[in-house]
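Asker: Residue-level listing of the chains:
Number of protein chains: 2
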Amino acid sequence: MDVKDLFDDISKYENKEVELEGWVRNNRNQSNFGFIDFNDGTYFKNLQLVYDKDLKDFDKISKIRVGSALRVRGTIIKSVGSNQSHEMKVSSVEVLGDSSEDYPIQPKRHTREFLREVAYLRPRTNLFNAVFRVRSVAAQAIHEYFQSHNYVYFHSPIITGADCEGSGQMFKVTTLDMNNLPKDKDGKVDFKEDLFGKQAYITGSGQLHGETFAMAYKKIYTFGPTMRTENSNTKTHANEFWMIEPEVAFCDLEGIMNIEEEMLKFVIKYVLDKCPLEMEFFDNFVEKGIIDKLNKVVNSKFVRITHHDAITLLKEAKVDFEFKPEYGEDIAKEHEKYITEHFNGPVFITDWPKDIKAFYMKLNPDNETVAAVDLEVPGSGELMGGSQREDDYDKLIKRMKEMNIPLAGLTWYTNLRRFGGCYHSGFGLGFERLIMYLTGVENIRDVIPYPRTPNNCDY
Amino acid sequence: MDVKDLFDDISKYENKEVELEGWVRNNRNQSNFGFIDFNDGTYFKNLQLVYDKDLKDFDKISKIRVGSALRVRGTIIKSVGSNQSHEMKVSSVEVLGDSSEDYPIQPKRHTREFLREVAYLRPRTNLFNAVFRVRSVAAQAIHEYFQSHNYVYFHSPIITGADCEGSGQMFKVTTLDMNNLPKDKDGKVDFKEDLFGKQAYITGSGQLHGETFAMAYKKIYTFGPTMRTENSNTKTHANEFWMIEPEVAFCDLEGIMNIEEEMLKFVIKYVLDKCPLEMEFFDNFVEKGIIDKLNKVVNSKFVRITHHDAITLLKEAKVDFEFKPEYGEDIAKEHEKYITEHFNGPVFITDWPKDIKAFYMKLNPDNETVAAVDLEVPGSGELMGGSQREDDYDKLIKRMKEMNIPLAGLTWYTNLRRFGGCYHSGFGLGFERLIMYLTGVENIRDVIPYPRTPNNCDY
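Chain order of the listed sequences is A and B. For the record, in the first sequence the residue sitting at position 185 is 1605 according to my numbering, with numbers rising by one throughout. For the record, in the second sequence the residue sitting at position 298 is 1718 according to my numbering, with numbers rising by one throughout.
Hints are not guaranteed to be accurate.
Identical chains blur together in the list; that is why a pair holds if it fits in one copy or across any two.
Keeping only pairs whose Cα atoms sit at most 25 Å apart, straight-line, the calculated BS3-like set for lysine-lysine is [unchecked claim]: (1) Lys1655 / Lys1509; (2) Lys1424 / Lys1735; (3) Lys1689 / Lys1713; (4) Lys1716 / Lys1608; (5) Lys1509 / Lys1738; (6) Lys1655 / Lys1713; (7) Lys1436 / Lys1716; (8) Lys1476 / Lys1721; (9) Lys1821 / Lys1685; (10) Lys1689 / Lys1473; (11) Lys1735 / Lys1753; (12) Lys1757 / Lys1432; (13) Lys1603 / Lys1618; (14) Lys1473 / Lys1818; (15) Lys1618 / Lys1608; (16) Lys1708 / Lys1757; (17) Lys1713 / Lys1757; (18) Lys1509 / Lys1821; (19) Lys1605 / Lys1528.
The hints are simulated quantities; they were obtained by calculation from the structure and are not laboratory data.
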């Protein structure tokens, strides 16, 4: 039986004997009785086990170490002294797995930096236990949102033979012995001997492939790991992260903003509903007021403002920005912060200068901006980035040439515009950014089970 | 509006005008009227559009090519002639995207080999449309099964610095320029200059990492892409595929078999329930009787037999096997086939010879076999492979030494046995094998959107 099932229907078990298996979070005792904080991982709160001198192995139980795995039997009773409604009066305890003296997760405060070093044990702490359960529940919320709206879950390939993103920015993947590479007559690596018979890469996005399936199913989404080579040591960058990339045919920029807004609200509500204890913990110990913040988002209408108007707003602001806001240029972190605080909620910024955006974004009639949209949220900055896609074959080819995108490997992509193309849009959502936003945890390393960042690939 | 929503409640729309956007699967016409088979990808069946001479642009509509994207308005009426209950009497048609003369997906039979060559268009055919929708629905079934049973969805890392699986069998991943590798003083590649500061690989399994989270949450599952370097050109091997790896603490071999059986039945029922049209299509055109086969599985109790007894059964069989079955040895494809046909349903084969299984499987008291289990299903062979894990620290270390598994990089794994270890079990399910089993499609290349196999990494 899971502790979650017990707590979900606790009054049913009152005065009944149950058997549970789980781990010791703490063990405190006096001469005549003792308490074990017991947790099996399925439920955020500990169950308090009460054992007393009458038990024949009282002394043995008193010495059970933190971290040990137990099988316990006992009666569920109403709690008198503790801050919980119920506890277990123990009748027997069996140690299934002892915990060594040097067990690092003792019942005291550990720094997040220390816990990163024992990443394989940190989900046993309250903070990380809550974070990674919210991560799981938020993932399910995303699947439920899209599946219930007729989307097809599309598994985009990870390995690709097309270096369309610029191979310098992609991981190379090989089965060759890197200390003994086969060479061709020009002294270059002979990739014919590699598994795929050519140089292979890891894609940084499933979007282009996603568009091919959107042109068959109307609505698709990806949800999978993404790897990027950015050599960037910030709180918000990791070299391996999970991403959601929906793509919708017969959908324009307004339409995709509506979907982003509806989806985000759905996910927030779902997590607040399914993880009340975890959210309460974040509210108390990580980000004060986070539950209010999220509830407010659910009930708000997101602001929509053009990049041009956002720059005007920034220029008129009585703030001494480090980077001066300029029409036609990108928006810095400090600007994002000002804008979301100004509107006190999520803000869609639309119609960005074409020169700072990707080749596949639809050119607006002004020939200067593209139908792109970033969603900025208070505290976390950019959460989603999307656009309407260029569906005019000739304009797309022209833009790809201007931006030196190799056309040859992307015929399948450009052909979508020749074979029943239509107006369509999509967006990308960095899953870890979402988890940071939902939990208040500020470092991406603390919302991924095993983070990969420059010079860091442990476990 | 999605065509699926229309069909889900078609009588509500009778004699109402609706607007739809989608694609032309076929366009047939005579001098006074014509029919368009219309599909927006959200629903397996086409909607028949009827247009007649009264429309002012009748001639233009008559010439609309297969594959074109349309916006249509019209009235939903009861169908008289067609094999569908309803059709649309068209009042206006707008071509959103023309389809070129050379559009490859014409309304005729295409071979699967040809369709692999235009993989980006094949989801527009009935077969692949059905396959990839079932893939999406089966993925959701898996998530719903585990989430509703208190599991945490765990994202195992793809990139790893530990070559515990034997680096020869793993993809290497690098940001270095392979034509210009930095070398150290011994002439070896200087991986200090690589992004992670050391050689990095792609893992072939998330299991070991999964165990770390099972020791915190009791029940976890992974579901993500997996890459393996096998140079194997068979119908059942791909170098990139998706895998589900559940791991359960306080669970023995019997327990994990119960979970495998319950989960498989849940997924089958879910797909039969959500994809009746697709399953009917497979039954008619891919594998006759597949719906009966799957229904029978749902209502059966899976056979459980030891490897020893399976070999005895094979030895007693009046069959001239190419490979002679032997105690202590592996079971060949022809043997799997015999066994599943003999029992006429799924069969768990347990307690395998230790020498043909992995280091982490629990040694049985006989010191010869391990608590491993493979699930064999008729037609597809091995669908899942699992085991109880070795939870005895000393036995695990001994076995790792015997099998030359480098201990140094796996302290975090072996330590799980020192810090509250417990009996636990898990299994792996190859997602594509499952889809092949559910659809009757025999080649793994036809159940992955963009297959990667030796010498094949297109798109």
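Asker: Next, verify each hint and record whether it holds.
Answerer: Comparing the hints with the structure gives:
When the C-alpha separation of lysine 1655 and lysine 1509 is checked against a cutoff of 25 Å, the pair qualifies neither within a copy, at 45 Å, nor between copies, at 57 Å. Within a single copy, lysine 1424 and lysine 1735 get their C-alpha atoms no closer than 53 Å, and across copies no closer than 48 Å, so neither meets the 25 Å cut-off. In this assembly of identical chains, the alpha carbons of lysine 1689 and lysine 1713 lie at most 25 Å apart only when taken from the same copy (12 Å versus 40 Å across copies). Taking identical chains as interchangeable, the C-alpha atoms of lysine 1716 and lysine 1608 are never at most 25 Å apart, the minima being 58 Å within one chain and 57 Å between chains.
Within a single copy, lysine 1509 and lysine 1738 get their C-alpha atoms no closer than 63 Å, and across copies no closer than 61 Å, so neither meets the 25 Å cut-off. Taking the shortest Cα distances, lysine 1655 and lysine 1713 sit within 25 Å of each other inside one copy (22 Å), while across copies they are farther apart (52 Å). Taking CA atoms no more than 25 Å apart as the test, lysine 1436 paired with lysine 1716 passes in neither setting, with 42 Å inside one copy and 39 Å between copies. In this assembly of identical chains, the alpha carbons of lysine 1476 and lysine 1721 never lie at most 25 Å apart, being 63 Å within a copy and 43 Å across copies at closest.
For the identical chains of this complex, lysine 1821 and lysine 1685 are neighbours neither inside a copy (39 Å) nor across copies (52 Å), given an alpha-carbon limit of 25 Å. In this assembly of identical chains, the alpha carbons of lysine 1689 and lysine 1473 never lie at most 25 Å apart, being 47 Å within a copy and 52 Å across copies at closest. Taking identical chains as interchangeable, the C-alpha atoms of lysine 1735 and lysine 1753 lie at most 25 Å apart only when both belong to the same chain, with a minimum of 15 Å there against 71 Å between chains. Proximity of lysine 1757 and lysine 1432 under a CA criterion of 25 Å is satisfied in neither setting, with 50 Å inside one chain copy and 48 Å between copies.
Both within a single protomer and between protomers do lysine 1603 and lysine 1618 lie at most 25 Å apart by alpha-carbon distance, with minima of 13 Å and 23 Å respectively. For a Cα distance limit of 25 Å, the shortest separation of lysine 1473 from lysine 1818 qualifies neither inside one copy, at 83 Å, nor across copies, at 41 Å. Proximity of lysine 1618 and lysine 1608 under a CA criterion of 25 Å is satisfied in both settings, with 12 Å inside one chain copy and 23 Å between copies. Proximity of lysine 1708 and lysine 1757 under a CA criterion of 25 Å is satisfied intra-copy only: 18 Å inside one chain copy versus 60 Å between copies.
For the homomeric pair lysine 1713 and lysine 1757, the shortest alpha-carbon distance inside one copy (16 Å) is at most 25 Å, but the shortest distance between copies (58 Å) is not. When the C-alpha separation of lysine 1509 and lysine 1821 is checked against a cutoff of 25 Å, the pair qualifies neither within a copy, at 74 Å, nor between copies, at 44 Å. For the homomeric pair lysine 1605 and lysine 1528, neither the shortest alpha-carbon distance inside one copy (63 Å) nor that between copies (47 Å) is at most 25 Å.
Of the numbered hints stated above, those contradicted by the structure are hints 1, 2, 4, 5, 7, 8, 9, 10, 12, 14, 18 and 19, listed in ascending order.
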